[in-house]
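Protein chains: 2
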Amino acid sequence: MTTARRDTYTPETLLSVAVQVFNERGYDGTSMEHLSRAAGISKSSIYHHVSGKEELLRRAVSRALDGLFAILEEEPARVGRPVGRLEHVVRRMVEVLIAELPYVTLLLRVRGNTETERWALERRRDFDHRVAELLKAAAADGDVRGDVEVRLATRLVFGMINSIVEWYRPDVRGASGPEVADAVVRLVFAGLRRA
Amino acid sequence: MTTARRDTYTPETLLSVAVQVFNERGYDGTSMEHLSRAAGISKSSIYHHVSGKEELLRRAVSRALDGLFAILEEEPARVGRPVGRLEHVVRRMVEVLIAELPYVTLLLRVRGNTETERWALERRRDFDHRVAELLKAAAADGDVRGDVEVRLATRLVFGMINSIVEWYRPDVRGASGPEVADAVVRLVFAGLRRA
Numbered sequence: 010m011t012t013a014r015r016d017t018y019t020p021e022t023l024l025s026v027a028v029q030v031f032n033e034r035g036y037d038g039t040s041m042e043h044l045s046r047a048a049g050i051s052k053s054s055i056y057h058h059v060s061g062k063e064e065l066l067r068r069a070v071s072r073a074l075d076g077l078f079a080i081l082e083e084e085p086a087r088v089g090r091p092v093g094r095l096e097h098v099v100r101r102m103v104e105v106l107i108a109e110l111p112y113v114t115l116l117l118r119v120r121g122n123t124e125t126e127r128w129a130l131e132r133r134r135d136f137d138h139r140v141a142e143l144l145k146a147a148a149a150d151g152d153v154r155g156d157v158e159v160r161l162a163t164r165l166v167f168g169m170i171n172s173i174v175e176w177y178r179p180d181v182r183g184a185s186g187p188e189v190a191d192a193v194v195r196l197v198f199a200g201l202r203r204a
Numbered sequence: 010m011t012t013a014r015r016d017t018y019t020p021e022t023l024l025s026v027a028v029q030v031f032n033e034r035g036y037d038g039t040s041m042e043h044l045s046r047a048a049g050i051s052k053s054s055i056y057h058h059v060s061g062k063e064e065l066l067r068r069a070v071s072r073a074l075d076g077l078f079a080i081l082e083e084e085p086a087r088v089g090r091p092v093g094r095l096e097h098v099v100r101r102m103v104e105v106l107i108a109e110l111p112y113v114t115l116l117l118r119v120r121g122n123t124e125t126e127r128w129a130l131e132r133r134r135d136f137d138h139r140v141a142e143l144l145k146a147a148a149a150d151g152d153v154r155g156d157v158e159v160r161l162a163t164r165l166v167f168g169m170i171n172s173i174v175e176w177y178r179p180d181v182r183g184a185s186g187p188e189v190a191d192a193v194v195r196l197v198f199a200g201l202r203r204a
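In order, the protein sequence lines correspond to chains P and S. So the first sequence is numbered by the working numbering: it starts at 10 and just counts up by one. So the second sequence is numbered by the working numbering: it starts at 10 and just counts up by one.
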């Protein structure tokens, strides 16, 4: 059955085009026709690689989610005092967000209209919950302040980190990924005010 | 010329319905027909109050912008050391965001496709710039850390504050406006880590 013409597209390059289109038009507003035009290949060539746009969405958000969950498996996220593990996770979240910018942007815009979107939202909630647990453990140790409720603090810290997708552009002169990660860690853990 | 039937709609109630529809459907995706259905009044009744949907957008984002700019005129934002003025502005930004939640939500989603949207973006940039200047003055005093670049710090702090529109719901049991404002001030100025 593999009579389809070989083209220069690999699943990875097709995915990268699809993510760009999803981020520009919104997932709901993107048709296979839009993807075909953006990729410069026929719809049937796309169907040679994937079953449809929902599979592309699933692959794209999986890439972002796998990047985020992998952080939790890194040694500094597993070993040591919770506050140090939390600091590692916050730094790496910023780095992954910047390294996988279009994929994380798409993940953060998922709204829950399809099965795949609901699954992605569920995994995001699971990740948020794991980070909130780390914050709770650090508070129990007395290493982080006890006067900001854990769920609220988690939401505000995620808010700061996730907002980076709104303005960070890799091709524009400005702060590098590690510089932004450093700034976030400093603000989140020590705040603006000079001691 | 005032032969139009009096109805119970005032410009304020119409505005509040319009903002809700804009936030649900997006400004671009909202027609006068959608507004007429949501308000339960005819299009001609709407035209009795306003010239069209762009006027409603302008009034709505003006309400958010006026609320934000009014903060800068408050005495604690004008008098004293810049770091204290900045703290007041950050606290009040959260309070205004929560008090005017649908209006600020709409403002933050403005994309720049129309004259009114470009004007709103320009005023937002102007406000951001005023806050960044305060942060710069506080850094020059040595009151805030010098190792995070002012523009980057401003973006991250605004990111944390603006993210509140994504999850804050006034009718759900949870933190109140002043509690959220307290949490933001603590995190932004002193950070998570216990000294």
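Just so you know, the hints here were simulated from the structure itself, not pulled from any lab data. Since this is a predicted model, take the numbers as computed values, not measurements. Using N, Cα and C, we set each Cβ at its ideal position, and we do this for glycine too. Don't take every hint at face value.
[Unchecked claim] Once the Cα atoms are required to be at most 25 Å apart in a straight line, the calculated SDA-like pairs of lysine to any residue come out as:
#	chain 1	residue 1	chain 2	residue 2
1	P	145	P	130
2	S	145	P	188
3	P	145	S	178
[Stated by the list, open to error] FRET-style restraints, in silico, Cβ to Cβ:
#	chain 1	residue 1	chain 2	residue 2	range
4	S	41	P	150	24 to 32 Å
5	P	20	S	203	20 to 28 Å
6	P	137	S	46	55 to 63 Å
7	P	124	S	150	52 to 60 Å
8	S	35	P	82	34 to 42 Å
[Claimed, not checked] Derived, one-sided and incomplete: chain S residues facing chain P with beta-carbon distance under 7 Å:
#	residue
9	157
10	159
11	164
12	165
13	168
14	172
15	176
16	192
17	194
18	195
19	200
20	203
*Would you settle whether the hint for residue 159 of chain S is holds or violated, based on the nearest Cβ-Cβ distance to chain P being less than 7 Å?*
Residue 159 of chain S check fails; min Cβ-Cβ to chain P is 10 Å, beyond 7 Å.
_Interface hint status, residue 192 of chain S versus chain P (Cβ within 7 Å)_ = This interface hint holds because 5 Å falls under the 7 Å limit.
*chain P contact restraint on residue 164 of chain S - CB to CB distance below 7 Å*: This hint holds: residue 164 of chain S lies near chain P, its Cβ roughly 6 Å from the closest one there, short of 7 Å.
*Does residue 176 of chain S meet its interface restraint, that is, does its C-beta lie within less than 7 Å of any C-beta in chain P?*
With Cβ-Cβ at 6 Å, under 7 Å, it holds.
*Look at the Cβ atoms of residue 137 of chain P and residue 46 of chain S and judge whether their distance stays inside 55 to 63 Å.*
36 Å, violated
*Is residue 145 of chain P within 25 Å of residue 130 of chain P, Cα to Cα?*
Satisfied, since the Cα-Cα distance of roughly 22 Å is no more than 25 Å.
*May I ask you to test the interface hint for residue 203 of chain S with respect to chain P, counting a Cβ-Cβ separation under 7 Å as satisfied?*
This hint holds: residue 203 of chain S lies near chain P, its Cβ roughly 5 Å from the closest one there, short of 7 Å.
*Identify whether the interface hint at residue 200 of chain S stands, where standing means a beta carbon of chain P within less than 7 Å of its own.*
3 Å, holds
*If you take the shortest Cβ to Cβ gap from residue 165 of chain S to chain P, is it below 7 Å?*
5 Å, holds
*With a cut-off of 7 Å on the beta carbons, see whether residue 195 of chain S makes it to chain P.*
Given a least distance of 6 Å, the restraint on residue 195 of chain S holds.
*Within 34 to 42 Å or not, the Cβ separation of residue 35 of chain S and residue 82 of chain P?*
38 Å, holds
*Taken at face value, is the distance from the CA of residue 178 of chain S to the CA of residue 145 of chain P at most 25 Å?*
Distance of about 23 Å is within 25 Å: holds.
When held up to the earlier numbered hints, the structure conflicts with 4, 5, 6, 10 and 17 and fits the remainder.
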